[in-house]
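Visitor: Here's the letter readout for the chains.
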Amino acid sequence: KQEVTQIPAALSVPEGENLVLNCSFTDSAIYNLQWFRQDPGKGLTSLLLIQSSQREQTSGRLNASLDKSSGRSTLYIAASQPGDSATYLCAVGSNYQLIWGAGTKLIIKP
Amino acid sequence: GAGVSQSPSNKVTEKGKDVELRCDPISGHTALYWYRQSLGQGLEFLIYFQGNSAPDKSGLPSDRFSAERTGGSVSTLTIQRTQQEDSAVYLCASSPSPGPSGELFFGEGSRLTVL
Numbered sequence: 003k004q005e006v007t008q009i010p011a012a013l014s015v016p017e018g019e020n021l022v023l024n025c026s027f028t029d030s031a032i033y034n035l036q037w038f039r040q041d042p043g044k045g046l047t048s049l050l051l052i053q054s055s056q057r058e059q060t061s062g063r064l065n066a067s068l069d070k071s072s073g074r075s076t077l078y079i080a081a082s083q084p085g086d087s088a089t090y091l092c093a094v095g096s097n098y099q100l101i102w103g104a105g106t107k108l109i110i111k112p
Numbered sequence: 625g626a627g628v629s630q631s632p633s634n635k636v637t638e639k640g641k642d643v644e645l646r647c648d649p650i651s652g653h654t655a656l657y658w659y660r661q662s663l664g665q666g667l668e669f670l671i672y673f674q675g676n677s678a679p680d681k682s683g684l685p686s687d688r689f690s691a692e693r694t695g696g697s698v699s700t701l702t703i704q705r706t707q708q709e710d711s712a713v714y715l716c717a718s719s720p721s722p723g724p725s726g727e728l729f730f731g732e733g734s735r736l737t738v739l
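Quick mapping for you: the protein sequence lines, in order, are chains A and B. As numbered in our numbering, the first sequence has no gaps in its residue numbers, which increase by one up to the final residue, 112. As numbered in our numbering, the second sequence has no gaps in its residue numbers, which increase by one up to the final residue, 739.
Derived by calculation from the structure, the hints in this document are not laboratory data. Misleading hints may appear alongside valid ones.
[To be verified] Derived lysine-lysine pairs resembling DSSO-like cross-links, with alpha carbons at most 30 Å apart: (1) B/K635 to B/K681; (2) A/K3 to A/K70; (3) A/K44 to B/K641; (4) A/K44 to B/K681; (5) A/K107 to A/K3; (6) A/K70 to A/K107; (7) A/K44 to A/K111; (8) A/K70 to B/K641; (9) A/K107 to B/K635; (10) A/K44 to A/K107; (11) B/K635 to A/K3; (12) B/K635 to A/K44.
For clarity, every value in this text was computed on a predicted model and none was experimentally measured.
Isolated chain A (complex conformation):
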């Protein structure tokens, strides 16, 4: 059974720092992995989608990597800004389902 874990559950860093969020999964047989952000009281916004054949995807200050063999993905945020404060979730496409992590709550301090 696929399980997805996100560590840490919460993270607070000063503005301007580069940071890494982690997502791990137990079964390497995946279709893809997606990173989302969720602002308080809002729905989810898709950030990056990495297909199983890909190693990484980049969008602006965000870079997501995927290592299936080790069951890990990282979301790298460069030059963090207060507007990056949100909860970040990863979801793994596996066994015809999407399996979700519980999220990392990120706070960027001005």
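Assemble the complex: chain A is given as a structure, and chain B must be docked to it using the hints.
Guide: Below, chain B alone, put in the same frame as chain A:
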């Protein structure tokens, strides 16, 4: 519309009442999902529609929950005889591709409070 639209955005109801939540997906998207997110919790899968195929109802928590998708577009999630533990944000997502292979686009959710 440009994005996934959900209504109502907020619903307060009394225990025992029925509620209907609506989702209008992005035009042309064949896949539609309903999720539930309780306070401080992750997303809980409820139901998945793909085209004209029979929906995957494996996530519905009880027979008080049902959903339909008319004409392959708008979907309605119905909760009968609501209980306090039904209080949560109900999120709808659509995708242009079937199954887990496609990118998901979420609505802003319907926040349900059962008193």
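Visitor: Hint by hint, note whether the structure agrees.
Guide: To see whether the hints hold, each was checked on the structure:
1. This hinted pair checks out: B/K635 and B/K681 have alpha carbons roughly 24 Å apart, not beyond 30 Å.
2. This hinted pair checks out: A/K3 and A/K70 have alpha carbons roughly 16 Å apart, not beyond 30 Å.
3. For the given pair, A/K44 sits about 25 Å from B/K641 by alpha-carbon distance, which is consistent with the 30 Å threshold.
4. Under the criterion of a C-alpha separation no larger than 30 Å, the hint pairing A/K44 with B/K681 is consistent with the structure, at around 25 Å.
5. With a C-alpha separation of about 25 Å, the suggested pairing of A/K107 with A/K3 holds against the 30 Å cut-off.
6. For the hint linking A/K70 to A/K107, the alpha-carbon distance of about 24 Å falls within 30 Å, and the restraint holds.
7. The suggested pairing of A/K44 with A/K111 holds, with an alpha-carbon distance near 21 Å, which does not exceed 30 Å.
8. For the proposed pair A/K70 and B/K641, the alpha carbon gap of about 46 Å is over 30 Å, so the pair is violated.
9. Distance check on the hinted pair: A/K107 and B/K635 sit about 26 Å apart at the alpha-carbon level, within 30 Å; holds.
10. Between the alpha carbons of A/K44 and A/K107 the distance comes to roughly 14 Å, so the proposed pair stays at or under 30 Å and holds.
11. Between the alpha carbons of B/K635 and A/K3 the distance comes to roughly 35 Å, so the proposed pair goes past 30 Å and is violated.
12. At most 30 Å may separate the alpha-carbon atoms for a hinted pair to count; B/K635 and A/K44 meet this at roughly 15 Å.
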